[in-house]
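Student: Chains as they are written, first to last, in the UniProt record's numbering: chain A, 1 to 92; chain B, 1 to 976; chain C, 1 to 181; chain D, 1 to 417.
In silico EDC-like cross-links for lysine to aspartate or glutamate, where the CA-CA straight-line distance does not exceed 20 Å: (1) D:Lys29 x D:Asp210; (2) B:Lys862 x A:Glu31; (3) B:Lys936 x D:Glu407; (4) B:Lys867 x A:Glu35; (5) C:Lys5 x B:Asp759; (6) B:Lys221 x B:Glu210; (7) B:Lys124 x D:Asp105; (8) B:Lys861 x A:Glu31; (9) B:Lys936 x B:Glu960; (10) C:Lys171 x B:Asp157; (11) B:Lys124 x D:Glu195; (12) C:Lys171 x B:Glu587.
None of these hints come from the bench; they were simulated from the model.
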Amino acid sequence: MRLTCPVCGERDRREFTYSGAAVALERPGAEAMPEAWDDYLHNRDNPAGVTRDLWYHEQGCAAWIVVTRNTITHEVLGATLASEAARAGGGR
Amino acid sequence: MRIEGKGLIERGTPVSFTFDGARYQGYEGDTLASALLANGVRMVGRSFKYHRPRGVMTAGSEEPNALVTIGLGAAQEPNLRATTVEVREGLWARSQNRWPTLGYDLLALNDLAAPFLGAGFYYKTFMWPRRFWERVYEPIIRRAAGLGALSGAPDEDRYERAFAHCDLLVIGAGPTGLMAALGAAKAGADVILADEDTTPGGRLLAETIEVDGVAGAIWAKEMVAELAAMPNVRVMTRTAITGAYDQGTYAALETRPYAMARRPGATVGTFWRLVARRTVLAAGALERPIAFANNDRPGVMMAGAVRAYVNRWGVAPGGSVVVFGNNDSAHRTAADLLEAGVHVAALVDSRHYATCDLDLPFYPGAEVCGTQGRRALESVTIRSARGEVRIRADCLAVSGGWNPSMHLACHMTARPVWNADLLAFLPPDGAVPGMVAAGAAAGEFSTRACLAAGLRAGQEVARDLGFKTGDLAVPMAEDAPYDIFPLWQVPGRGRAWLDFQNDVTVKDVEQAALENFRSVEHMKRYTTQGMAPDQGKNSNVAALAVLADATGRGIPETGTTTFRPPYVPVPIAAMGAGASGKGFAPERHTTSHAETEQRGAPMIEAGLWYRPSYFSRPGETHWRQSCDREVNMVRHAVGVCDVSTLGKIDIQGPDAGAFLDFVYTSMMSTLAVGRVRYGLMLREDGHVMDDGTSARLAENHYLITTTTAAAGQVMRHLEFVHQALRPDLDVRLASVTETWAQFAVAGPKSRALLNGLLDAPVDDARFPYMACGTVHIGGISARLFRISFSGEHAYEIAVPARYGAALFTELVSRAEAMEGGAYGMEALNVLRIEKGFITHAEIHGRTTAFDIGMQRMISAKKDCIGKAAAARPGLVDEAREQLVALKPVGAVKEILAGAHLFNAGDPATRDHDQGYVTSACYSPTLGHVIGLGFLKAGRARMGERVRMVDHLRGSDTLCEVIEPVQFDPDGGRLRG
Amino acid sequence: MVDLKSQTPCAGRVPLRVGPLSLTEDTPEHMTAIAPYIGQDQALSDALKSAHGMAAPGTGRMTGKSGARALWFGQRMILLIGPEPEAGLAEFAALSDQSDGWAVLRLEGAGARDVLARLTPLDLRPAQFRRGHTARSDCAHMAASITRLGDEAYQIMVFRSMAATLVHEVKIAMGRVVAQK
Amino acid sequence: MRFSGWRVLKEGLTGNKGWQAHWRDAAPKAEYDVVIIGGGGHGLATAYYLAKKHGITNVAVLEKGYLGGGNVGRNTTIVRANYFLPGNSEFYSHSLKLWEGLEQDLNYNVMHSQRGQIVLFHSDGQRDAMARRGNAMINQGDDAELLDRRALRRMVPYLDYDNARFPIYGGVLQRRAGTARHDAVAWGYARGASERGVDLIQNCEVTGIDIEGGVVKGVQTTRGAIRARKVAMVVAGRSSQVAAMAGMRLPIESHVLQAFVTEGLKPVIDHVISFGMGHFYISQSDKGGLVFGGDLDMYASYAARGNLPLVEHVMEAGTALMPMIGKARVLRSWGGIMDMSPDGSPVIDRTHVDGLYLNCGWCYGGFKAVPASGDVTAHLIATDTPHAAAARFRLDRFRTGQGLMDEEGTGSQHNLH
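Using the sequences provided together with the hints, build the complete structure.
Tutor: Set out below in structure tokens:
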């Protein structure tokens, strides 16, 4: 499996550390209700199909990236820097 | 026996080898199978379940019968296919799964009991009495099952792993693969051409076919030479592509020639990870058997394999051969045999319309319906419209048609597609992104069609990748059509084998269907069809056809089971190459490592690091003596400990303070320059992740520390928080763990020791508790932190790592002159337990700030990671287990980490569980054993006596619940 | 006054030779991680140019020459190798001293690429990974910086504490490449 | 038909023509008391215990593929009860007890082999944590023994004791742990349920769940609508998709877990051995193959196949732990889809819809849970109250933080598995 790091280009999966759905970018505010935190921390769409998830190029450039991927075929459809996704409004 | 003048073996280089103790001669270029056949050895193994005599059936890696063991002692290697083992001088091979000998195998009795050992019999019996399964039945079954044996000794052969990248990977170097490689390489693409055989050429080596007017084998040799001379081509022989993975990644196993593997420094093989933008699957096709009664006797072989033995190895597999088939492969075999001067007793063709102009007894519209022979084939029964005839023969060549080798195209769980004309499954299109199948692997069975398909595929790939292709001609070769008539099983009495290795017969499949194991997956799992070392390469399609028949469905509706990597079995040692012993993970050494080892300190692993356990001195015979001394040393004089393994992270930028406020529970932005603060980090789920210190070196520069174990996790977390949650903050992170060698200098004499070393001395006023700043040692700039993990007046001093070794030696020798010295992890642990300081024994991932009594450290003034989740009712429940210390008050003065706590008088059962012990030690300072642990509502239970039970180690005692901080609770020694 | 002797990360382990291959240690006096603050990339590059005579390298590239180089070192990070960074750079970037944090090895000779191919998943084909190209990647399970210095010459950097493991792994791979030629 | 040695003998003598279907293939009826979605181990066991213990036999099990085609047919067959947190402890203890009588209960040899499992530790700290676990096992009434290095070496001499990167300090042995023939468990429950009147319906995919006024009414399937008073979702590996049909968003992330088997070998490994430090575990099947596995591939996936980095990591761990298996050849690798819950423990609970029940989140550990999971889910469906052994497997524990069961201590949130 290979992922395309927006900084480094296509690299072997073994350079990356996985960290779950890109929902993690949408952290609720401090005053959010418990349900919002429950959704943020626990509940997931978990699609059988295209998903967006977070990877850390740990053995590479140290960028956190959001990868658009198909969970059935493992096709990689694109990747952006998490910092840019976060600035643009999070995990959606 | 050998056929004069035939074959590609090196007749000038004879070699001798042994099989089952007997010496034989072969030639370089022989496989074990070809050499044994040349020597007239026909029985080479026993089957898995019925222990039936078995002989060589194929000429490739798909061989189901001829599994042998090579070598002795640690070099013993079981389950090798005799058809791929290269014969060499001194090769030592033996048969397996038989006792006492291949000829007289006791378990051959199983064959007589076959009616009771049919499909799934073991699910229906062996249930009484219950305990007999482990004691009686299972040991017997285990001993009878299995094939070869491992030696039990550590494997001494070395493999290696490597990566390679290319534009095009061509799998298989037969006519298709050679042309595909040529087409792409001529256009300028980087090409890897891989083939599992020792010699490229594929079927061209086994046939009498000519290409462009020269013998196929010679054409192949010239083509390979041309390719190998191109700088953009890598020809990899003895290299089996074993798996297709995502984004063009392929696994491959390269086996090294014996002589090269024996060179110093060399390996026996390489496990490759190949990365290819495109792939041409040119893996050819495998011939399949036909099920008829007793079709498993030694001497029954595949028709194509017989040709290979004749043409490639110059071996006649028998003196009198019957050829049987439902397609032209049988005719080609008969022709080659005749041409080689081997007697062909009959050609049996199930196609009633077949014709033949060869000079031999021809039986069109007939079938082989049985065989006879004790340990090997003696005669064959042929059934035709005219009745049955029995013909003497010692070899029966069978062709049931060809199955394209589409396995790799199906490794991503796609199913192959049935082709009713070819009576075969073909690779599905696009099932492996970037892969196209060509030639026989795609169902094109003439040589000319393969050559053309290969060239077309190679050139198309090249153009797709942006290379320009020129004109290349397709070489001339035979272009005969493929004609086949369905024939999967020949009706009749007696068992007809499908899966030769697992002893699955037509009856087993029919019985499975009878018992409602009608799904192909159920049939497979119930009968074990296709689960043997050949993974059904020889048998699956025929078994499907039988199941389809038994269930009244067609073959495509019946479907196939899933194709899974690896294509050929791969040694664990190859895929795990380099991981034995210390190679399993990198080793991290502190700068004091050599000096510490020189002082005889036993090393323990801390993550990837090595740290000293204790520093034994002359006269000390037990670790406790050393540990107690080191504790006392720190409490009364001064101790030195390398703490470089703790993570150190530079946090810089205008928003550094704000960033730290967000990741720590407490305020860090209010910390004064030159000061240090203890901090707690939570995970977002509200539990404690790590603790450490944060030092403000300058207005916009903090240096934080992490525990040794969590350094990587914390760095990843901080990068996440910064990049993914707070990219607005102008802050930069850099790990400086390795830049600095850092040493704890702890004890009442610590300042005196340091002042002897520093260019300018420090004092309490300039350097109070929790101060930090720059100092100099011999002109070298160093960082000093007045922090303590022992409860003593203590410092940590950091120097550029190049000076670490020198500074450690200097510190220790000066400490020794002051009745102090180095201390290790054991003493460090005792010192912190006495002081109630926590480590990951306490913050083990399930504890909250509330549990460890630090809930007030979660600042109410700001948000931070984990704050919201930490406020969940379940995480602040008063009944939660809370950190306490314990001291034994019963008769047994012992506390064991891992023991559980109960109310005094309660039984030690789960319902009554009150908590557990996390850390324990003998405290030389307090003069008794102490422990730390978690106790339900523990903070409210000081002074209470609880029962500590350790079933595992037989300990049961009473403990008093005491405050976690036992030593110097008001902290006077830290500050003094 | 004490005189602390300095020690290099690979002291006593290199140089090594196996056939045509050599492994040697580089010991630059200074190495500094330079991470530009938000919006300061160009200003930093200009300052780097005027202070040290080289612009900031682009992704996966190296600038400068032997003795004074700027190496791309990760997302928004440059490693200045050789000179002590001019203090003024701190206006545009976080400077973090890494001088003693890394083992810097040089692998050279015919077959050097084959040696590296046993250790890292990087695409090392000469047309893909050219002279002056640099990458952060995995090297025998260690986080590494790998740079192509010449035709068959590479620089490999790993954390100082792993120097022994790196030398050991490279040495074994060198032996294999030579033995299996 | 009752299975026995005599029956095998009798049928053998008469040409094996008298064997009967192990279960009936049923066509869906219009209405059932209970519909169980999912014909895997858990669904089949639920149906069996509903019929056997609660007398509820008007039950359909709907399976979109073939019975036992999910994780019950693609695991590494380990059966153990070595958990230490309340909730898990009592549940897996209950399960192991059911395993111990399973073959007689089902009249089906599932080859449950109590050969013992050893979990290794490699430092004093790990020993302490393992001791806590072992003591918790005994507190629960299960068995555990702490083996020091010497005792361990006597028992399993082939580990690398002398040169390991992470030295072996000892292990915790559970003698009652072991393995079972995974497919047979599904078949045995299928046969038992079918004999008691349960309809097992293969190739029947549920496409919708009918809910009216907060009450479940039935399901839509590829073979038509089926009315039901109660519906249970027992579809680990597809939980999120099926629950979404009832408007639920579950705390589940689906991951791939790979496993491996070698060619057949004569007996060489007699126990189940777990090398936690290397995320590696191994046993030898009765057929002789070494069956082993490791950690998740670590990315969300429904592909039921994995990739090389994890494959190699598993092989590295095996090579490091027991260098004698180097020459064993891996014959087949495969992948299963794991329902990963935040804290690594399952959910068996009612839902916000009356009559709709949820069984999910088995993470890596569903196989050994099959008997108890079936028993307690049947109890929940039949009585609408949780079974005592599974009362803590609540769906709302993540929201409240009450009773989290994070055995690994990696956090009760998804991205920290």
